[in-house]
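Asks: Here is what each chain is made of, one letter per residue.
Number of protein chains: 2
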Amino acid sequence: MKKINGGVTAPQGFLAAGINVGVKPGSKKKDLAVIYSVKKGIASAVYTKNKFKAPPLFVSEENLGNNEAQAIIVNSGCANACTGDQGKTDALKMTSLTASVLGIDAKDIIVASTGVIGVYLPMDKIEAGIKEIKNHLSEEGGTDASLAIMTTDTVNKEFAYEFELGGKTVRIGGMAKGSGMIHPNMATMLGFLTTDAAVSKDALKDIFKDVIDDTFNMISVDGDTSTNDMVCILANGEAGNLVIEKNTEEYLKFKDVVRKICEKMSIAIVNDGEGATKLLTIKVLNALTKDDARKAARSISTSSLVKTAFFGEDANWGRIITALGYSGAEIDPSKCDIFLGDLMMAKQGKAMVFDEDAALEILKKREIEIVCNLNIGSENAVAWTCDLSYEYIKINAEYRS
Amino acid sequence: MKKINGGVTAPQGFLAAGINVGVKPGSKKKDLAVIYSVKKGIASAVYTKNKFKAPPLFVSEENLGNNEAQAIIVNSGCANACTGDQGKTDALKMTSLTASVLGIDAKDIIVASTGVIGVYLPMDKIEAGIKEIKNHLSEEGGTDASLAIMTTDTVNKEFAYEFELGGKTVRIGGMAKGSGMIHPNMATMLGFLTTDAAVSKDALKDIFKDVIDDTFNMISVDGDTSTNDMVCILANGEAGNLVIEKNTEEYLKFKDVVRKICEKMSIAIVNDGEGATKLLTIKVLNALTKDDARKAARSISTSSLVKTAFFGEDANWGRIITALGYSGAEIDPSKCDIFLGDLMMAKQGKAMVFDEDAALEILKKREIEIVCNLNIGSENAVAWTCDLSYEYIKINAEYRS
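Those protein sequences? They're chains A and B, same order as listed. Sequential numbering from 1 applies to the first sequence in the working numbering. Sequential numbering from 1 applies to the second sequence in the working numbering.
None of these hints come from the bench; they were simulated from the model. Warning: the hint list may mix true and false statements.
[What the hints assert, rightly or not] Partner residues aside, some chain A positions facing chain B, computed with beta carbon under 7 Å: (1) PHE52; (2) GLY103; (3) ILE104; (4) ALA106; (5) GLY328; (6) ILE393.
Every residue, glycine too, gets a C-beta built ideally from N, C-alpha and C.
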């Protein structure tokens with residue numbers, strides 16, 4: 001596979017646009033995005049597990065009941081969450097308006113919103129915006145769409161990959177937004193992937209579920225799982241490859257690329273986490289079960305004490321071992337080895353004398369790896385997080401989500 | 001019941017002392033405490049659920065196998081955690097040295113440590129200190145002992161209550177330390193209670209377990225459960241009351257006072273949480289089960305986004321409802337009402353128009369109450385936490401725990 005430029009419009013047969021419609025009064029930021037496939041495709045999605053799931057997610061889930069879709073409409077600035085029946089009506093209206101301007105069925109539209117909770121959508125602006133946005137749709141519109149879904153994000157997050165499948169060139173593109181309320185099981189995080197691969201519904205669903213568990217569900221900025229999160233993929237088959245079916249070589253090859261791009265998107269979200277000054281990769285090795293490995297990696301990645309220690313560039317492995325100890329994962333304290341990069345900090349659960357200067361050199365870097373070898377099984381997991389800084393507090397004490 | 005002055009030496013027949021032995025080189029802070037009962041008493045304790053439980057807790061748990069104890073020895077400055085066999089040897093040595101100077105059995109001693117993880121105790125200093133501390137034991141020594149267990153605490157936390165039981169005056173005293181790594185299930189938190197009540201082992205154990213679940217296990221500063229936490233109670237019977245047995249009027253009366261003092265100690269820990277500028281009381285009402293009520297209250301109390309919003313004095317009920325939604329508690333979103341103090345923010349899961357000025361007036365106070373009425377059952381729970389401030393980051397980026 002090869003990384004290429006662009007995002008959701010890198011694959012063939014996708015158009016996109018992003019414009020400002022003024023969801024937040026006075027803001028000139030782009031806040032409405034559309035992704036459109038020239039033909040109806042196969043789609044799959046995962047949603048937040050938060051019980052206060054926002055109305056647009058219910059509409060998207062309903063529309064994706066047949067795993068088919070042709071367009072995606074998203075706004076930022078207002079989450080349309082905790083808005084009850086009115087919220088549902090507004091989300092449905094977003095799909096019907098979009099369907100009408102694109103000349104497709106409203107049932108083939110995925111809708112999402114991100115922003116402030118408990119506020120109704122300014123439907124007059126949304127309606128005018130949807131009518132307007134059609135004029136901006138283009139094969140180069142991926143970046144505008146990506147910019148339009150950003151909230152407290154500081155960096156545009158779009159990626160695209162290309163690979164060969166049975167003599168055909170297949171592409172996958174994606175755009176994502178963070179950057180607070182990020183936590184396993186879909187936290188204020190939106191991810192939209194497009195591909196021109198031809199793939200069966202079952203194959204796409206399986207691949208997407210597996211990959212999400214290892215990528216988007218293994219990142220955390222602040223441990224808060226939002227009401228609005230969704231990651232979805234839309235495949236339109238324009239690459240002309242033979243339809244990818246389950247348990248084939250092509251399936252595995254395609255899955256690898258989906259994993260790669262989802263990993264890149266996930267890491268980009270954490271790396272741009274609110275106030276982040278460090279990107280922390282936490283590897284848990286040789287756990288008894290996959291679930292234990294994930295629990296342990298997530299527990300470390302969500303510890304405020306671990307995250308502040310890394311912000312302070314302090315080789316505080318005691319906090320790592322503490323988070324490991326309360327993770328709920330099966331652990332034998334007398335077998336755990338802890339590494340900071342290549343440096344062993346604790347052996348068999350006990351303090352090691354280590355070179356503080358060498359540790360400081362690792363801690364000064366922006367990207368830091370923590371390895372916990374549990375030494376009781378053979379299952380591994382990786383989690384990603386950022387440090388917890390003054391800036392996180394500043395952003396979240398001042399921004400009403 | 002009546003609040004009285006003092007702490008662990010308020011009840012009859014208890015002596016205590018706190019001195020500086022230099023556990024942290026150069027520090028003049030008191031760092032060694034002893035509590036001594038003139039006669040052997042009945043004791044009960046709860047310990048951290050962290051799998052990397054520190055060696056002193058293993059020794060205490062072993063010694064309390066018969067639910068009897070006569071003295072407590074505690075140091076701050078070094079947690080004696082992740083110290084393996086050497087740590088166990090050191091903890092045992094602390095009990096045997098204390099036993100020797102007090103002329104009691106080493107098996108009747110409770111031992112605890114708090115401070116940096118992964119560092120061995122400076123046993124020469126501890127040994128000299130234990131020999132010295134005997135000379136400082138007094139009926140007025142409660143405060144010195146309480147000062148000696150403080151780490152990043154900024155306020156001494158001791159409380160005492162007095163009440164009548166069958167014509168006798170009974171007293172309970174307690175001292176506690178926080179103030180980071182505080183989270184349900186015993187996080188870097190030590191609590192020591194003394195009482196001159198006569199009480200049966202079974203009654204004390206039952207009361208203590210129940211009360212801890214509603215108090216110390218319902219507070220959170222940062223969601224991190226430490227390796228060293230313990231809360232214990234030592235009852236010496238010096239008040240001369242008839243022995244309190246289970247399922248009696250006296251049992252309930254005594255339990256009420258134990259609950260009161262544990263609640264005061266717990267709230268004091270949170271109120272002095274690292275960097276705290278607000279004390280948040282989270283009440284969850286009318287949950288389906290007690291477990292649901294606790295889960296929901298804890299989820300809100302551990303949300304970084306909720307905590308930073310209160311630091312920013314922002315009426316951000318969307319973050320409260322979000323934390324409720326991912327708590328794992330059984331919830332019907334269309335039935336939840338959210339209040340900030342007396343002010344209704346959300347009704348039946350939907351945004352309410354509320355008076356922002358009135359909200360700001362509540363938010364400006366140091367003590368704030370949040371009420372979530374789930375309206376689907378009849379079980380309630382209360383959790384306490386503090387806000388998340390710049391100062392928390394500062395303290396934890398610079399302090400190696």
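Asks: Return the numbers of the hints above that this structure violates; sort them in rising order.
Replies: 2, 3, 4, 5
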